[in-house]
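Chemist: Starting from the given sequences, assemble the full structure and let the hints guide the process.
Chains as they are written, first to last, in numbering that gives the first Met the number 0: chain A, 0 to 269; chain B, 0 to 411; chain C, 0 to 55; chain D, 0 to 762.
Check the hints yourself; a few may be wrong.
[To be verified] The list that follows gives simulated cross-link-like pairs (lysine-lysine, DSBU-like), each with its CA atoms no further than 30 Å apart:
id, chain 1, residue 1, chain 2, residue 2
1, D, Lys-141, D, Lys-633
2, D, Lys-348, D, Lys-240
3, D, Lys-697, D, Lys-468
4, A, Lys-145, D, Lys-573
5, D, Lys-91, A, Lys-185
6, A, Lys-180, A, Lys-40
7, B, Lys-405, B, Lys-261
8, D, Lys-56, A, Lys-175
9, D, Lys-240, A, Lys-57
10, D, Lys-85, A, Lys-180
11, B, Lys-85, B, Lys-249
12, B, Lys-84, C, Lys-37
13, D, Lys-467, D, Lys-128
14, A, Lys-40, D, Lys-128
15, A, Lys-145, D, Lys-91
16, A, Lys-46, D, Lys-684
17, A, Lys-145, A, Lys-180
18, A, Lys-242, D, Lys-240
19, B, Lys-159, C, Lys-37
20, A, Lys-145, B, Lys-42
21, D, Lys-244, D, Lys-283
22, D, Lys-243, A, Lys-242
23, D, Lys-679, A, Lys-62
24, A, Lys-175, A, Lys-185
25, D, Lys-125, A, Lys-40
26, D, Lys-633, D, Lys-684
Derived from the structure by calculation, the hints contain no laboratory data.
Being a predicted model, the structure only gives us computed values, none of them experimental.
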Amino acid sequence: MKEKNNHKHAKRYGMVIDLDKCTGCGSCMVGCYSENNVPFKTDETNKLDSINWIQVYKITNGKPFPNTEVCYLPMPCMQCDGVGKHGHSPCVSVCPAVATDYDYETGIVSQIYTRCFGCRYCMAACPYHARKFNWWDPVWPADMEKYLSPNVSPRMRGVVEKCSFCFHRYQLARDKAYYEKREELKENEYQTACAEACPTGAITFGDLNNKSHAVYKLKNSPNAFRLLERLKTNPKVYYLSNKRWVRRAGDNYLAHEEPAKIKQKVNQHH
Amino acid sequence: MKETPLIPAGVKRCSTWQFSLWMTAATAVLAWGVYAMILIWWKGLNQTNMNDAYGFALWIWADLAIIAIGGGAFFSGFLTYIIGKKELKNIINFAVIIGFICYSCALLILAIDIGQPLRGWFIFWHANVHSMLTEVAFCLSCYFAVLTIEFIPLILENPKLNKKPFLHHLSHNMHGIMAIFAATGVFLSFFHQGSLGGVAGVLYGRPFAFREHIFIWPWTFFLFTWSAAACGPCFTILVTWITEKITRKKLVKQSVIQLFAKISGWMIITYIIAKTIDTVYWAFVTAPGMGFTLMDFYASPTYNIGILFAEIVLCGFIPGLILITKRGRENSFLLMTAVILAVIGVCLNRWVMVLQVMAVPVFSFNDWYTYWPSWQEVATTVLPVAYGIIVISLAHRYLPVFPQEKELNPID
Amino acid sequence: MFPFCFEWAWDMSHVVFMGALWYALSIIGAGLTFAIVKSVFDSAGGGHDDQDPGHH
Amino acid sequence: MKIDRRSFLTYGTALVLGGAAGSMLTPAPWKLTDDVAIWTQNWPWTPVPEDGEITYKQSVCTLCPGGCGINVRLVNGRPIKIEGSKDHPANKGSLCPMGISGLQYLYGPSRVTSPLKREGKRGEGKWKKVSWEEALTAVAKKLAELRENGRPQSVACITGSDRGTIPNLIGRFLTAYGSPNYIRSANAQDAIEQAIYLAQGKQGTPGFDIEKADFILSFGSGLLDGWGSPGRMFNLYGNQKPAKKIIQIEPRLSDTAAKATQWIGINPGTEGALALGIAHVIIKESLYDRNFVENYAFGFDDWTDDNGKAHDGFAKMAKKFAPEKVSRITGIPKAEIVSLARAFARASKPIALNGRGHGSVPGSIDESLAVQSLNALVGNINKPGGISAMPDSNYAKWPEVNIDEIASKGMQQPRIDGAGSEQFPNTRFLLNRLPEIINSAQGESPIQALMVTDANPLYTLPDTAATKKAFDRIPFIVSFSPYMDETASHADYILPNHSYLERLQDVPTSTGISLQVTGLAKPVVKPLYDTKHVGDSFIHMAKALGGFIENAFPWDDYEAFLKETLNDQWRKFKRKGVIEIEHNLPEPLAYTFNTVSGKFEFYPTARNSATQKENSALPSYTPVPIEGDVQRFKLVLIPYDSIRLASGYMANAPFMTKTVDDTVLKNQIGLLEINPATAKELSLKEGDTAILTTPKGKATVKIHLYEGIMPGIIAMPRGLGHTAYSEYLADKGTNFNELIGPIEDPTSGLDMAWGIRAKLTRA
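Modeler: Dropping the structure here:
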């Protein structure tokens, strides 16, 4: 967890998910499964032991028919910058064996499967339930092992895993850029599998620090919000919604509180 | 009665067959736990009912609870060797044994509780010094070593072993420098009890557990250390009392118990005041700052506000008040009621700090998470109890655990 | 836990944490060594010179 | 030294303890600890995927009729991932979860890996592996036998599609053989297609230019739930202009409804009435396109036929559907109907479309006609942003089939399903009628041999029990399925086709698209197992049957056939993978129609009016009969479609099932959606187990309270309740088709059932 302050070109890769565009189709989940060698079991209906690096939640406004509204909410790992925005994410700081780390070059929170010994402290620390435990050994029936990607190592039983923002794609893109003697990656050179898989283009991915990237502008929209901002986890996944109730559902508010004002206060504070 | 050379001189012990029967029963329970343990190691944590929302569950609670109630060992050491309450020497052996049992079990449970037990040592080798769990693991192992060192001289006092000159001297010499070990133990205990408090307190993504400013450090740390020091002695008293009931003889003089109970009472009172301050600040400042009201945290049928009342009033102020009053202490019914309540109180606190933390929904659109342990989890949690019974039985039968036993139970 | 593990850093947190750890470990180690060595000498020196069981 | 028991124990203990302590000083235990940890990091049962060169292959997805372009990533020639192809004009890079899951079909446990011959009883799952020679010979022998007995018409073939070269090849086979019974599975397009045919006189796939339309009035079409070409629909939704309005009308808040500009709950089955109610307002307020109605339409006003008989016009019919009345029928407030009509009529390019959910059930012709009338009222036909009938691309040109006498006799027999008969003159296929016809036949089954490819009728046909009974009466069933689906598992022979990623095939993109696009599915990997292209199987059988049949197939194999078919386009096709034919509309206005009147017929004269109310062919609203007694069955059960559940002949891949919410499926039990108010009346709570009974069947369900469904209506998804495939899909939830039976549309004979009465009792 050594912080490097001298990183001139430090990136903060992040995501903006337009909930008004998300149809809940699940392509992001499936795209992620196949990109990241996510295993599957015969029964995946217990969502609390089902490995999903990005999970689409279905939320409703709670109003009775016919005023009911539904919103789908895809949740990858939020890649929190943590309190004070310097990498003190809830999970990284608690891992006893440095099996998860904050990369100051990209802002991505890594997970080292061969280092993790499965204490699950990081899972207890993560309010987003982004971290999943391998309760079972993964099994790929018939010839399914043949579709596994060599870019992501399959995990073994007993370790925690989570969304990596497809870090292997970053590495491949960076290697290519290096080979071509370029310093900077182009915006479209490094995209996550879910962003690419989203058939409605609801997921935008890029460097939140880079003014030329789409996410930079999108995150400043008045309709943008992050999940559980009040916990000061500083997630790098932003959401857009033109529905007030959706924006309110993204965090906890006391009855009298107005999300926009609270958000302002929280963001001023740090 | 036939004297066996293994049994200390001048004390009376039950017959071999009685003892064997007792041990067989305890061993059967132990075997059940061991079977479950092997099953878990062999097949993995899918044998439990834990899940991604409930990554910390019964075991971590058991861990935290037995470390808290095992706190009698370090605190009696602290009182005996550092403060100089020499009377407590009459109970410290037993406190050490209980501590030894608790800590060995805590380590065992940690070894079961991890997904990759064969890599468990990474916690030491690849230590992240910022993690509370690292601190816990280090201090726990070191303090367990200290407890073992404290236990060894007692084992060596077994009449048979004591005949070996080297062992006799070793016992003697270790006794001689016990204050150093005890001091180290106290030092380590302050740290790991404290960091256990921090385990939940630093979870700033978990509004139920998280505390702010001084309420995280030193407060959460202090609360755990203090509560362990306060309630650990109660557990020592409780186990002594149970042992006395089972062996049907007085083993420790009432004055010693009274002293221990009185100190414990004051510790409980001070602890529970600190805890109340913490709760009030959390309920009225910290939680609303994150958009929660106190009642949001107690909105489930299982986790209702009664829990908070039970923890602070019923199992906090009440035992504390009983124990600090002379009349309360001297009434054996009230004394034992207080002692039991205090033990329940600290276990409840650890339960809340682990299981309720996991149960409370953090998202406005999520429901409470529920969890019910599998039999494998229960069996491995019962295992320490059987193991404790076995160790205490063996220690009591073959070692001079209670210095006052001979005096209190003269053999004519 | 050792300077050759890559997590190791020469920073304040490591100094405090590992300092306390190694300090405690040294005391335990030294104490134990002392007791063992002294017992070896004691038992070689004169057998049971100290038979009184009530000396603790 | 005398070693007695005591000293042995003492020294023994000392030795062991000392040894243990001593060994700690050696590297052994530490090395062992380290090795053990390293072993856990490289468990031999945790796979290590082989690395290699990354390449990409473009192809077309044929898992559903959508025909989206795919881009397959390969490592060392091994397909590892499927992504949407940005170059395909339909989906432009977007892909549904099923398309992305594709490799699980290729490598999955439900593949049939060699030809199989049934050993035990049907459906028992006992098979014998046989050689291709043996399997094909056996089937050819059976077919030859039936021909010899002069009953070639007793052979039927069920396919999933009738477009592209493979269905054509099979059709050609049947013609040469002598059976008219080529039957394609039905879908909602059939009804819309027929409605368009009746009104416009054009046979073609309905094309909806949703890309350019600015107001979409969807009568329950699951535009974002898997309707049409899903990749295209998602892509469109993501890239639409904010001004585009989507109005979704259906009883349940589907994903489409959730994303629509407005969701209007409607009593199920009354969509046709609403369409006429909207027409009423449009006509009453003179909001319709006068130019179109007056110059290019027929039957709007009352008219008199050549025999001097007076007929009501559409306007008069619509007059009967005043908002008050429609409000009573549909449950939609009057004001809402009026404002909806105004908004629709005032939009610049409004489209009205129908066909519920994925569009797997055709639905009533009345309803489709009423909806098409709305498009006509606003004149948005054969225009950019409107609807049109897309003629099939006509690249398939083969030498004519010469048939022998037996075949000729067979071909003169009426179709078994009644399609094209006097009763249903405009319908081409009526698979839904088949089970009943077989079951009610006296003596032996009129179908003696059935071949099934790209279809899974034992799962997809309504009234599973009746379908199964009918299949049991067919003495010889051959499946060409690459997967062990329900139909395959009840077959006598399985002649497994290559999976879609292993075979060559032209893929006309279908359903709703207003572009003529034909894709080429190219094998991205050599066949993994002992399978055979279904086209090759038929060519092989043709050659085995000899004579005229053999002569009808002068090609060596399917590839040669396809090459000849595509002729000069083959090279371009093979290179590009996609042939795109823009649907060029004659300028300025393509208001040309092939009806008797030469106009758009609000009064469809080609429709058999005898079966209609008041003997009028005008679109009207008659409630679609719904099975079940109101007193016994107080609730109404409707199905719903989800993009995460495949309900057609291709079933879910494990990845898709993994995405299914626990409010849809929990363990092995499916959840039933019910409004909390209705649940309260029945004293049912979230998660309760209940028995769902309909006149057709029974199922155990769990209760899921959902505010987004009309009170009194209960809904369950299609696509669950499989009995075949692998443990990753079988026995999960209930197959909706087990609970519902078909209802025949009087005009088309197509199934128009939208739901069934039901009751719920606590288990």
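Chemist: If a hint holds in the structure, say so; if it doesn't, say that too.
Modeler: Status of the hints after comparison with the structure:
The suggested pairing of Lys-141 (chain D) with Lys-633 (chain D) is violated, with an alpha-carbon distance near 50 Å, which exceeds 30 Å. Restraint check: the Cα-Cα separation between Lys-348 (chain D) and Lys-240 (chain D) comes to about 13 Å, which is no more than 30 Å; the hinted pair holds. For the suggested pair Lys-697 (chain D) and Lys-468 (chain D), the alpha carbons sit about 17 Å apart, so the restraint of at most 30 Å is met. With a C-alpha separation of about 27 Å, the suggested pairing of Lys-145 (chain A) with Lys-573 (chain D) holds against the 30 Å cut-off.
Distance hint between Lys-91 (chain D) and Lys-185 (chain A) is fulfilled; the C-alpha atoms sit about 21 Å from each other, no more than 30 Å. Taking the CA atoms of Lys-180 (chain A) and Lys-40 (chain A), the gap is near 44 Å; set against the 30 Å cutoff, the hint is violated. With a CA separation close to 25 Å, the supplied pair Lys-405 (chain B) and Lys-261 (chain B) stays within the 30 Å bound. For the hint pairing Lys-56 (chain D) with Lys-175 (chain A), the CA-to-CA distance comes to about 21 Å; that is within 30 Å, so the pair holds.
The straight-line distance between the Cα atoms of Lys-240 (chain D) and Lys-57 (chain A) is roughly 25 Å, inside the 30 Å bound, and the hint therefore holds. Taking the CA atoms of Lys-85 (chain D) and Lys-180 (chain A), the gap is near 28 Å; set against the 30 Å cutoff, the hint holds. Restraint check for Lys-85 (chain B) and Lys-249 (chain B): satisfied, since their Cα atoms lie roughly 20 Å apart, inside the 30 Å limit. Between Lys-84 (chain B) and Lys-37 (chain C), the direct Cα distance comes to roughly 28 Å. Compliance with the 30 Å bound is thereby established for this hinted pair.
The suggested pairing of Lys-467 (chain D) with Lys-128 (chain D) holds, with an alpha-carbon distance near 25 Å, which does not exceed 30 Å. Note on Lys-40 (chain A) and Lys-128 (chain D): the hinted pairing holds, with a Cα-Cα distance of about 29 Å set against a maximum of 30 Å. The straight-line distance between the Cα atoms of Lys-145 (chain A) and Lys-91 (chain D) is roughly 28 Å, inside the 30 Å bound, and the hint therefore holds. With a C-alpha separation of about 21 Å, the suggested pairing of Lys-46 (chain A) with Lys-684 (chain D) holds against the 30 Å cut-off.
Taking the CA atoms of Lys-145 (chain A) and Lys-180 (chain A), the gap is about 34 Å. The hint is violated against a cut of 30 Å. For the suggested pair Lys-242 (chain A) and Lys-240 (chain D), the alpha carbons sit about 18 Å apart, so the restraint of at most 30 Å is met. Note on Lys-159 (chain B) and Lys-37 (chain C): the hinted pairing holds, with a Cα-Cα distance of about 21 Å set against a maximum of 30 Å. This hinted pair checks out: Lys-145 (chain A) and Lys-42 (chain B) have alpha carbons roughly 26 Å apart, not beyond 30 Å.
With a CA separation close to 24 Å, the supplied pair Lys-244 (chain D) and Lys-283 (chain D) stays within the 30 Å bound. A distance of roughly 18 Å separates the Cα atoms of Lys-243 (chain D) and Lys-242 (chain A); the hinted pair therefore holds under the 30 Å criterion. With a CA separation close to 16 Å, the supplied pair Lys-679 (chain D) and Lys-62 (chain A) stays within the 30 Å bound. Only pairs whose Cα atoms come within 30 Å are accepted, and Lys-175 (chain A) paired with Lys-185 (chain A) is accepted, the gap being roughly 11 Å.
Proposed proximity of Lys-125 (chain D) and Lys-40 (chain A) is supported: the alpha carbons are some 26 Å apart, at most 30 Å. Simply put, Lys-633 (chain D) and Lys-684 (chain D) have alpha-carbon atoms about 18 Å apart, close enough for the 30 Å limit, and the pair holds.
The structure is inconsistent with the numbered hints 1, 6, 17, although it conforms to all the rest.
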